[in-house]
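Q: This is what each chain is made of:
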Amino acid sequence: MFVYALKRLGVAVLVAITVSMVTFSLLYLSGDPAMALAGESATQQDIENIRRVYGFDRPIILQYLSWAWGALHGHLGYSNYLRTDVAAVVFERLPTTMTLGAAAISFALILSIPLGVLAAMRPNTVVDRFALTLAVVGQALPSFWFALILIFWLGIEWRLLPITGTESWKNFIMPAIALGYYVTPGVMRLTRAGMLEVLSSDYIRTARAKGLRSGTVLFKHALRNAIIPVVALTAVQFGFMLGGSIVIETIFAINGLGYLAWESIQRADMPVMQAIVLVLACIYIVLTFLADMLNAFLDPRIRVA
Amino acid sequence: MKRSIKKTLSFAAVWLMVWAAPATAGKSNDTLVWATDRDEAVVDPYFNNTRELVVIGNTVWDGLLFLDLKSGKYLPLLAKSLPKWIDNTTLEVELREDVTFHDGSKLDADDVVYTVNFVANKDNGVLTQANVNWMKSAEKLGPYKVRIHLKKPFPAAFAYLSNVVFIMPDGHYDKAPTKPDGKKDIGAVKQVGTGPYMVTEVIPGERIVMKKNPNYFKGGPKGQPQIGNLVFRTIKEMNTQVAELLTGGLDWIWDVPKDQAEKLQSRVQVTNAKTMRVSYIQFDVNGKSGTEYFKNKKVREAFAHAVNREAIAKNLVGPASVVINSACHPDQFGCTQDVPKWKYDPEKAKKLLKEAGYPNGIEFDLYAYRQREYTEAVIGDLAKVGMKANLKFMQYRALRSLVWENKTPVNHMTWGSNSVPDASACTSHFFSGGRDDFAKDPEVIKALETADTSTDPKVRKREYKKALRKISGELYWLPMFTYAKYYAYSNQLDFTPTSDEIPRFYTAKWK
Numbered sequence: 001m002f003v004y005a006l007k008r009l010g011v012a013v014l015v016a017i018t019v020s021m022v023t024f025s026l027l028y029l030s031g032d033p034a035m036a037l038a039g040e041s042a043t044q045q046d047i048e049n050i051r052r053v054y055g056f057d058r059p060i061i062l063q064y065l066s067w068a069w070g071a072l073h074g075h076l077g078y079s080n081y082l083r084t085d086v087a088a089v090v091f092e093r094l095p096t097t098m099t100l101g102a103a104a105i106s107f108a109l110i111l112s113i114p115l116g117v118l119a120a121m122r123p124n125t126v127v128d129r130f131a132l133t134l135a136v137v138g139q140a141l142p143s144f145w146f147a148l149i150l151i152f153w154l155g156i157e158w159r160l161l162p163i164t165g166t167e168s169w170k171n172f173i174m175p176a177i178a179l180g181y182y183v184t185p186g187v188m189r190l191t192r193a194g195m196l197e198v199l200s201s202d203y204i205r206t207a208r209a210k211g212l213r214s215g216t217v218l219f220k221h222a223l224r225n226a227i228i229p230v231v232a233l234t235a236v237q238f239g240f241m242l243g244g245s246i247v248i249e250t251i252f253a254i255n256g257l258g259y260l261a262w263e264s265i266q267r268a269d270m271p272v273m274q275a276i277v278l279v280l281a282c283i284y285i286v287l288t289f290l291a292d293m294l295n296a297f298l299d300p301r302i303r304v305a
Numbered sequence: 306m307k308r309s310i311k312k313t314l315s316f317a318a319v320w321l322m323v324w325a326a327p328a329t330a331g332k333s334n335d336t337l338v339w340a341t342d343r344d345e346a347v348v349d350p351y352f353n354n355t356r357e358l359v360v361i362g363n364t365v366w367d368g369l370l371f372l373d374l375k376s377g378k379y380l381p382l383l384a385k386s387l388p389k390w391i392d393n394t395t396l397e398v399e400l401r402e403d404v405t406f407h408d409g410s411k412l413d414a415d416d417v418v419y420t421v422n423f424v425a426n427k428d429n430g431v432l433t434q435a436n437v438n439w440m441k442s443a444e445k446l447g448p449y450k451v452r453i454h455l456k457k458p459f460p461a462a463f464a465y466l467s468n469v470v471f472i473m474p475d476g477h478y479d480k481a482p483t484k485p486d487g488k489k490d491i492g493a494v495k496q497v498g499t500g501p502y503m504v505t506e507v508i509p510g511e512r513i514v515m516k517k518n519p520n521y522f523k524g525g526p527k528g529q530p531q532i533g534n535l536v537f538r539t540i541k542e543m544n545t546q547v548a549e550l551l552t553g554g555l556d557w558i559w560d561v562p563k564d565q566a567e568k569l570q571s572r573v574q575v576t577n578a579k580t581m582r583v584s585y586i587q588f589d590v591n592g593k594s595g596t597e598y599f600k601n602k603k604v605r606e607a608f609a610h611a612v613n614r615e616a617i618a619k620n621l622v623g624p625a626s627v628v629i630n631s632a633c634h635p636d637q638f639g640c641t642q643d644v645p646k647w648k649y650d651p652e653k654a655k656k657l658l659k660e661a662g663y664p665n666g667i668e669f670d671l672y673a674y675r676q677r678e679y680t681e682a683v684i685g686d687l688a689k690v691g692m693k694a695n696l697k698f699m700q701y702r703a704l705r706s707l708v709w710e711n712k713t714p715v716n717h718m719t720w721g722s723n724s725v726p727d728a729s730a731c732t733s734h735f736f737s738g739g740r741d742d743f744a745k746d747p748e749v750i751k752a753l754e755t756a757d758t759s760t761d762p763k764v765r766k767r768e769y770k771k772a773l774r775k776i777s778g779e780l781y782w783l784p785m786f787t788y789a790k791y792y793a794y795s796n797q798l799d800f801t802p803t804s805d806e807i808p809r810f811y812t813a814k815w816k
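Chains Y and V supply the protein sequences, listed in that same order. Using our numbering, you'd call the opening residue of the first sequence number 1 and step up by one each time. Using our numbering, you'd call the opening residue of the second sequence number 306 and step up by one each time.
No lab work stands behind these hints, which were simulated from the structure alone. Please note: incorrect hints may appear among the correct ones.
[As the list claims (entries may be wrong)] SDA-like, lysine to any residue: derived pairs with alpha carbons at most 25 Å apart:
1) Lys-697/V to Phe-144/Y
2) Lys-170/Y to Ser-333/V
3) Lys-488/V to Lys-170/Y
4) Lys-488/V to Ala-268/Y
Working from the sequences, and respecting the hints, build out all of it.
A: Here you go:
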């Protein structure tokens, strides 16, 4: 297990380094970073001054190392647009996106696991077809369209929920449904497949033969084993949700990291874009690493593969 | 079991209905919440020239004068009476003695002298230089008396003193914090004005909160503010803005697309009003962006003949919009429409493109920032004649930087002239050789210089006409149409749109 963990950690670190290189190169995508930082009314002298102060006149490898060192210590640059330290604004917005991501994944699990179990218990029946339809619709619906439908019914027609903002937990319900629904099909189908496999195994037959109640067989013996891959998938999907909340945050005017990313692209605010890409990528790498560890812990075959 | 599930579900539904978040806008909270899709990080009318800041500028700050749209006359605002012309380049202004800033300090001559001297100094980097670069300096004659010295005769001075020259307290920008590069961050200074509302909170990209100024001076032409609080919110999605308006989360929105405005009419108040904003296409006529097509006048002509401006104005913008042919707004002084015109003629466009040496068409990037659907209509028309335009849609601030760096081959832009009713606020801004002037035509620059500085209205009109004819004839710009905005606002709100695109929130009240 230890060797496996070291190997996965090595891969995670390599991915993180690659991501940091790509992220660093973003700064040069918009042309001369000194010119971008100096602003519209800057003179050539101002630009040269910025180039010197920020070290843009040094070899690029040195610039990268110095930037990566700063990032490791939480210094992600300065946003001329927001006139603030980038790390401060990114970490101020991160909790909102994490809350939205957590709410969305919770919604997805609450909906998909019972559906998956039900579908596995009654394969090829109306229940199974219903669950499958729900899954297909979830995968096919564009999230922005689904969000607008939710706004129309829950926000405008029935006035059940607030439409924009983050003032209370109620503001997160619609965005969480819109964002979480997209994840539902994958989790539901994985639960169904796992349950189908487990339910046909010998130890379940034995448990039934022993006269155990069906609830005990289902939840204590079957689901506990079938849920293993779902746990790993959930960790990865959570990472997807953090990065994929841009559209949902924009529609619901939620001031999170996704919304900030969208604004920063439009403002050509490269230091903020860099920081968001880096932070989200790192979270994703950590989640993937944790998912790998969890899988290995639960299934010894993975460790030796 | 089933009964208990049913019971739980109905309880949850009722609970949700009871606890649905209360609306934060509206009469009950005495808070007028308005939204646009623009996010404002810098809340200062000199260092942010978006329309939203023109509106907030007129709400939080005052100028020396005020333009009464009903009578078309200039009235004194912070001035006690209309300024006196001492000679062609000197104005003498007496100030009111009963005005206080939001921080409690009294307005006097030092504030006006400081403001004029600060904004007139090019090194201080006021964004729209044309708004202030006609002033040379100011001097104090007494505690409430100042003289403003102009660089040269400037007949439109009153228009600018009314709409864009806002008075800041003495030493206002000296408090600016220092950025990491050692330069002053002027945009970060706390907002202090004399206007009917004061800024209490700024969350960049999210909201600007303003509160009624309880000490706003009495007897001024702006009157007394009626509504307790104003909140500007950034909501990028128009559908979300509409949803918030319908559910009481917002009280006021504008730039509503025509089709949506028509549907909203039965549920909220909807008005289509003309504005001073014009839409135009700007060509990189010198090929500095690296795309050389538009150096060729025939390509520009083909572009002009390909776009059905009439259809866009009528079908997308609204009934109050009209097609324009010159580089200014028809309501501005000196803005003649007696210039070369480019009719919609796709066949001629194809022919011209062929003559220009592009029988198989051309492909280029078209930059835009406002009302994507208008630009998409332009792109659709261009495609019909073989001109493939790739849309690059971005925030105004980012696009403006690219334009100033000459990186854009074609831009679909708009300009509101800061609502100044004089051609100098539009034509001269774009064609006097500055960073917005791609053409830098010496003949146009000379004509505009004469028009901007002459005190004889006939000479001014003649010179503007000369410049405008050259601009349209050479197609440095393809003037498109005037903007007409759809406003949608709550049924509880007593609000009247104005033609200068500066909503007077300080005159709005609840019904």
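Q: Would you mind marking each hint as holding or not holding in the structure?
A: Status of each hint after checking the structure:
1. Lys-697/V to Phe-144/Y: holds, 21 Å
2. Lys-170/Y to Ser-333/V: The given pair, whose Cα atoms are some 21 Å apart, holds under the 25 Å limit.
3. Lys-488/V to Lys-170/Y: violated, 43 Å
4. Lys-488/V to Ala-268/Y: Within the cut-off at roughly 21 Å; holds.
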